[in-house]
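Sequence lines, in order, name chains Y and P. Per this note's numbering, residue 1 is the first one in the first sequence, and the count goes up by one each step. Per this note's numbering, residue 330 is the first one in the second sequence, and the count goes up by one each step.
Note that these hints are calculated values from the structure, not bench results. Note that this is a predicted model, so its numbers are computed, not measured. Treat the hints with care, since some could be wrong.
Only some residues are given here: those of chain Y computed to face chain P with a beta carbon under 8 Å [to be verified]:
no., residue
1, Ile69
2, Leu155
3, Leu157
4, Leu159
5, Pro263
6, Gly267
7, Glu274
For each residue, glycine too, the CB sits at the ideal point set by N, CA and C.
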Amino acid sequence: MTTYLIRRVLLLIPTLMGITLLTFLLIRLSPGNAALLKGGGGEGGGKAMTAEVREQMIKLYGLDKPPLIAYGDWIARSVRLDLGNSIVDHRSVAAKIGERLPLTMSLAGSALILSYLLAIPLGIAAALKRGQIVDRTISFVVFVLYSIPSFAAALFLILLVAGGDYLNLLPMYGANSINAPEMGPFTWLWDRILHMILPVVCLTYASLASISRYSRVSMLDALGQDFIRTARAKGLPERLVVFRHALRNALIPIITIFALELPALIGGAVIIEEIFSLPGMGQLMFQSIDTKDEPVIMGVTVLAAVVTLLSYLAADILYVVVDPRITYE
Amino acid sequence: MNADAPSSREIYSESYTQRIWRHFWSDSFARNGLRTIIALFFIAALAPFLANSHALVRVDDGQVSLPIFQSLEAIEWRFLLYVPLAAVVYFLRGRFVIRPGLSFLGVVAVVAAIEIVLAVTHPVNDPTNDRDRPASFKLMPLIPYAPVESTPDQFAPPSWKHLCGTDSTGRDIAARMLHGARTSLSIGFIAQSIALLVGVSLGGFAGYYRGWFDIGVCRFIEIMDCFPTLLLILAVIGLFPAQNNMFYIMAVIGLTSWTGLARLVRGEFLRLGSQPFPQAARALGAGDFRVITRHLLPNALGPILVSATFGVASAILLESSLSFLGFGMQAPTPSWGDILSDARRYIDFAWWLAFFPGLAILITLVSYNFVGEGLRDAVDPRLKVK
Chain Y
1 MTTYLIRRVL LLIPTLMGIT LLTFLLIRLS PGNAALLKGG GGEGGGKAMT AEVREQMIKL
61 YGLDKPPLIA YGDWIARSVR LDLGNSIVDH RSVAAKIGER LPLTMSLAGS ALILSYLLAI
121 PLGIAAALKR GQIVDRTISF VVFVLYSIPS FAAALFLILL VAGGDYLNLL PMYGANSINA
181 PEMGPFTWLW DRILHMILPV VCLTYASLAS ISRYSRVSML DALGQDFIRT ARAKGLPERL
241 VVFRHALRNA LIPIITIFAL ELPALIGGAV IIEEIFSLPG MGQLMFQSID TKDEPVIMGV
301 TVLAAVVTLL SYLAADILYV VVDPRITYE
Chain P
330 MNADAPSSRE IYSESYTQRI WRHFWSDSFA RNGLRTIIAL FFIAALAPFL ANSHALVRVD
390 DGQVSLPIFQ SLEAIEWRFL LYVPLAAVVY FLRGRFVIRP GLSFLGVVAV VAAIEIVLAV
450 THPVNDPTND RDRPASFKLM PLIPYAPVES TPDQFAPPSW KHLCGTDSTG RDIAARMLHG
510 ARTSLSIGFI AQSIALLVGV SLGGFAGYYR GWFDIGVCRF IEIMDCFPTL LLILAVIGLF
570 PAQNNMFYIM AVIGLTSWTG LARLVRGEFL RLGSQPFPQA ARALGAGDFR VITRHLLPNA
630 LGPILVSATF GVASAILLES SLSFLGFGMQ APTPSWGDIL SDARRYIDFA WWLAFFPGLA
690 ILITLVSYNF VGEGLRDAVD PRLKVK
């Protein structure tokens, strides 16, 4: 197991290098650079900078170096955990990410937990009543939910319950009300929760659909095993057969698919943050792509890649932890 | 036993394709999904005739004219003329064997004639409409508005005049939806075809030749999979802007969503390659190309088709997300995502701007997903959980 883990972790390094190199080349090969965009004045706002200042800026951020050498510099800095400063506002990339990460993670995290809490009972119910009306209804509803684009659902929820002509129960956008700084901690938290309900719902229903479909199949698989017949034959009550024998085995594959859901949720959070104007990672990525803020784009990419790779790794480790029959020897 | 179950003799003589088709067709969701998709494609193809500000036929003082044909752009003419041409070629394919050279020349001549006529007659961009112009007789299309045409009715809710309402500049949403079907469906289809081409060839070669090429492809897939697809596409389009270019959007979506297919094809080729039949083919003197295209690929076709069907659905979803975020097709080009992004600004009162395009996307995605699901059950009945 230890050797397996070491090998897996070592394999992360070339993958991460590949991801960062690809992103870096993408930025460098695209027309224009941050200094030109920033100093251009005009549309981007702000005053035009002189050619001299622009030259200085290009030198300072290594924008004139050949891409591969600049990439080498970036790697050399990053291994010392220094992601550099934003070209646009000169603040440290780590700090910029740090202030936005909690929002995105709490969004994706609560959506993940919520969808598991709802999906597993739905999947079990469908599996136990397989082929009956309950199963078919759940399967159909879940299938349709799976096909609704999250942004369309977001628009509808806003229209129906947030600030539209119909019900005005929830705030329409933002992570907090304008007067949030003056609130006490509990009112602030309540305010934040109210603002988060719609984004979390929009993120939850899609992964709810895939997890519940998955848990139905997994539960059916477990119920078809020989030991279930044995358990029934020896006269165990159905409740014990289902919850103690079948469910425990059915949960193994369900737990591990969180690794597939988490990156999808982070990707989905991008569009949801944009719709609800939430200051999270997605918005940061949008802004930095718009201004070609190379260090910020690189920082966000590395973070997204690390989260994805680590969740894959965690899934592989969880397999062994929850199912002693599997080993990586 | 249901009525259309085949007799035992038919089961023994039916081909693989027939068996898949029979399984597929017996699933009512899949069947209706396929019907809906075909209907959507027809609507998309006929969009200029269903929604247009020009009359189909008008008669002025005994003079008959067809104004609608003057309003068609070159690309619409191509579509109208080449699809029947392709159909004719397809149905007459058996007869071409007699004089293949001559038939080929004939097709080339027809294509050249069409192109020359199109090049000479510039598309007439006629801003007038036939709605208000009196005539002794006129037959308007079902929806008498062009998709890019602004009318004085802004934010009109759905009524008999504007079936799906109008937007901020008074454009008819029903007309935009019909024409938007072309954008969404064709981007979904072609983007997934590109993904299919890249995924099948990279995955196929990796699975067939193994070794270093395989390792390289697998690493590359792993790297691509670490980017959330939407984020990657946004980065590419954000960094290399070429807005309102349908082919660019198709290429970007296609080139970023092939990894699932490549994994699948690689796995299938690894599995099939170690079976005796490709070896037998090689022993009979078949080259690599022949083994891949004639022996391995047909055997992997089922799962590829299933994955590609789901892929079309996700490409349509990606396109509409991009247009929604303002990175894809933009006004005046009609697209469902673009109508939705317009809806965002006026969501507090203009529900019809969000409802109709949202419903259209939903119906399309559900249909494709049902077809994919039905195909999966048909291709591999063992997976069927009933």
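Each hint tested on the structure:
Interface hint status for isoleucine 69 of chain Y: violated, as the beta-carbon distance to the closest one in chain P is roughly 20 Å, over 8 Å. Hint on leucine 155 of chain Y holds. Least Cβ distance to chain P is approximately 4 Å, under the 8 Å limit. Checking leucine 157 of chain Y against chain P: minimum C-beta separation of about 10 Å lies over 8 Å; hint violated. Because the beta carbon of leucine 159 of chain Y sits about 5 Å from the nearest beta carbon in chain P, less than 8 Å, this interface hint is met.
The restraint placing proline 263 of chain Y at the interface with chain P holds, with a minimum CB-CB distance near 6 Å, inside the 8 Å limit. Nearest Cβ of chain P to the Cβ of glycine 267 of chain Y: about 3 Å, under the 8 Å cut. The hint holds. Look at glutamate 274 of chain Y: its Cβ gets to within about 6 Å of chain P, closer than 8 Å, so that hint holds up.
Checked against the numbered hints given earlier, this structure breaks hints 1 and 3; the rest are met.
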